[in-house]
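S.K.: Residues per chain, in single letters:
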Amino acid sequence: MALLEVRNLSVDFETTSGRFRAVDGFDLTLDPGDITAVVGESGSGKSVAFLAMMGLLPWTATITSDVMKFDGNDLRSITPRSRRQIIGKDMSMIFQEPMTSLNPCYTVGFQIKEALRIHLGMDRKARHARAIELFEQVGIPAPETRLSTFPHQMSGGMNQRVMIAMAIACKPKMLIADEPTTALDVTIQAQILELLTSLQEETGMALVLITHDMGVVAETAQQVSVQYAGQKCEQQEVTALFERPHHPYTAALLAALPERATTKHLPTIPGVVPGQFDRPKGCMFAPRCSIATELCHTTPPPVGGAEIGFARCHTPINLKAEEEA
Amino acid sequence: MLNFLLSRLMTFIPTFIGVTLISFSFIRVLPGDPIIVMAGERGMSDERYAELRAQFGFDQPLVSQYWDYMTGVLQGDLGTSFVTKKPVFDEFFALFPATLELSLCAITLAILLGIPAGVIAAINRGKFFDRALMSSALVGYSMPIFWWALLMIIFFSGWLQWTPVSGRISLMYFFDDVTGFMLIDSLLAGGNSISLFPFEADGPFFSALSHLVLPTIVLATIPLAVIARQTRSAMLEVLGEDYIRTARAKGLPPSRITYVHALRNAMIPVITVIGLLVGTLLAGAILTETIFSWPGIGKWMVDSIYRRDYPVVQGGLMLIAVMVMVVNLTVDVLYGLINPKIRKS
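Protein chains in written order, with this note's numbering: chain A, 421 to 745; chain B, 103 to 447.
Calculated directly from the structure, the hints in this document are not laboratory data. A quick note: this is a predicted structure, and the numbers were derived from the prediction, not measured. Keep in mind that the hints are not guaranteed to be accurate.
[Claimed, not checked] These stretches of chain B come out as covered by chain A in the derived footprint (C-beta under 8 Å, 3 or more residues):
hint: 1; region: 169-180
hint: 2; region: 338-351
hint: 3; region: 433-444
The beta-carbon is built from N, C-alpha and C at its ideal position, and this holds for glycine as well.
Could you build all of it, start to finish, from the sequences and the hints given here?
M.R.: Shown next as structure tokens:
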């Protein structure tokens, strides 16, 4: 049985200027131990989809879906109390900004032990021992003394390690990492990614990596889901996606990678992700697409089959038949 | 912490000198002459006037008057009142406990009601309770305090006859001044009979308590409104922070998120406001003390200004300023206890 199954998840926000659909028909299936990357530009709704599963969206959000199941629990009808027994324990999440994601008034030790007490009911001694063990596991030197420091006394990289330690404290079945390296130095980024993948190997948890960095995707993920303007536009296994992207957006993203550039000027995707008021009638990507047809501008494309990576496109590229011909 | 305290105490010195300068010149800038006020309406010969001026040292240049005053202050002598001929220091500390007792009761009431009200309003943002609370806070904040006091007197003392109108205690009780706090002294004095029915309880303590209720409520009104509004806005800001999302992502119950993770952070700006409020309260609640005939320093200062009682005004202002500085220091220390970022730097 799949660990996580999400079908047709949509999230709408009630804003003063009307309804805004941040996530539109998001699908994802995750088996235990999978590593999936969810890629997309800012505003593509990738974080919102997972915050919806965690139940962390503000009350202005309306969440609808056909299926939203985690580990046998139906997340659509779950009570807040039962959800609190799952999140932070079986399903946990780390965030983009480690410096502001930890409470400045409490020591990091307090913040880790808190989760252990709430979910596992450990006593004082056991919590302390487990916290030290966790700090060692995430590579924080001198764990005994570090437990009693405050977040502002540590670097961003160290704080992200604390966040990771906190998230894996109760041995979760799934860890959602929401752009875990965006706010960090490049050298630290690599360390954190390495830590995440090695922890995944050790514990066998499923790992969801939300990112906008294709380089991160190539290094860590098995499955890749590409999001655009709240919709999933393509999903493939990582090597296949890099070799043969089917959606023009994926292809454009890959072409924009510096290491893949063939010309002196780095190719870019013209324009920006459509906002609340300038949503196109047809395909969301049509206004920025180099091969858009008349049909693309007028009619929303259907979701393709597995053979074209579920590409949501009228004119998928890199088709098998094309190459053979 | 000791270094922190010492460095804060060092800043007391220039503040203190500034305060003495201002209080010294403030009363002298005011029109009016203490000698004429003392002499009353009857005419006075020029010789007598000059003699009195020399007696009080007003014929000296201002600089040397200030010098004399400061040498006295540094030796703990604030001079004697022109009117009562008693040392200013003694008068201040005879009256200050009354002000302190009233202020402490008022600020305690304001904190005990204001912080929970602000928290509840913040977590019920936009709902009925929030709107009702914030509207009444606005009313409380904008209401003229003398009018509010009179309404309370009419209602509780006039119609219901629950509370006395003025003073600190009924005239029928007399006991020794031990702490200066009527509530404590009256308990020490004994003779209190406790009853399950509040109106049957009798004795000096209950008399003192019933005298204290109305002034406390009146004096607490504005601080209560300020604290409730400040707590609400601080809570709203903190509840939107990333670390609150982290706390929710951990699966913590909402009560723990509110009271452990959010409230402590939200208290940082609230404590500053409370410190400022205590400062103003200690300076004497002039209106409240006047309306309820509360024998505190607010009323004393106002009377002294009318009488052009120079030593009392400058000495009283200085002592009040010292009290406010002590309160500020306490707030800074509390700040460090709540906010670890300040403690270490």
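S.K.: Can you tell me if the region 169-180 of chain B counts as covered by chain A, using C-beta to C-beta distances under 8 Å and a minimum of three residues?
M.R.: violated (count 0)
S.K.: According to a criterion of three or more residues whose C-beta lies within less than 8 Å of a C-beta of chain A, is the region 338-351 of chain B covered?
M.R.: holds (count 8)
S.K.: Are there three or more residues in the region 433-444 of chain B whose C-beta lies within less than 8 Å of some C-beta in chain A?
M.R.: holds (count 4)
In this structure, only the earlier hint numbered 1 is contradicted, and the remaining ones agree with it.
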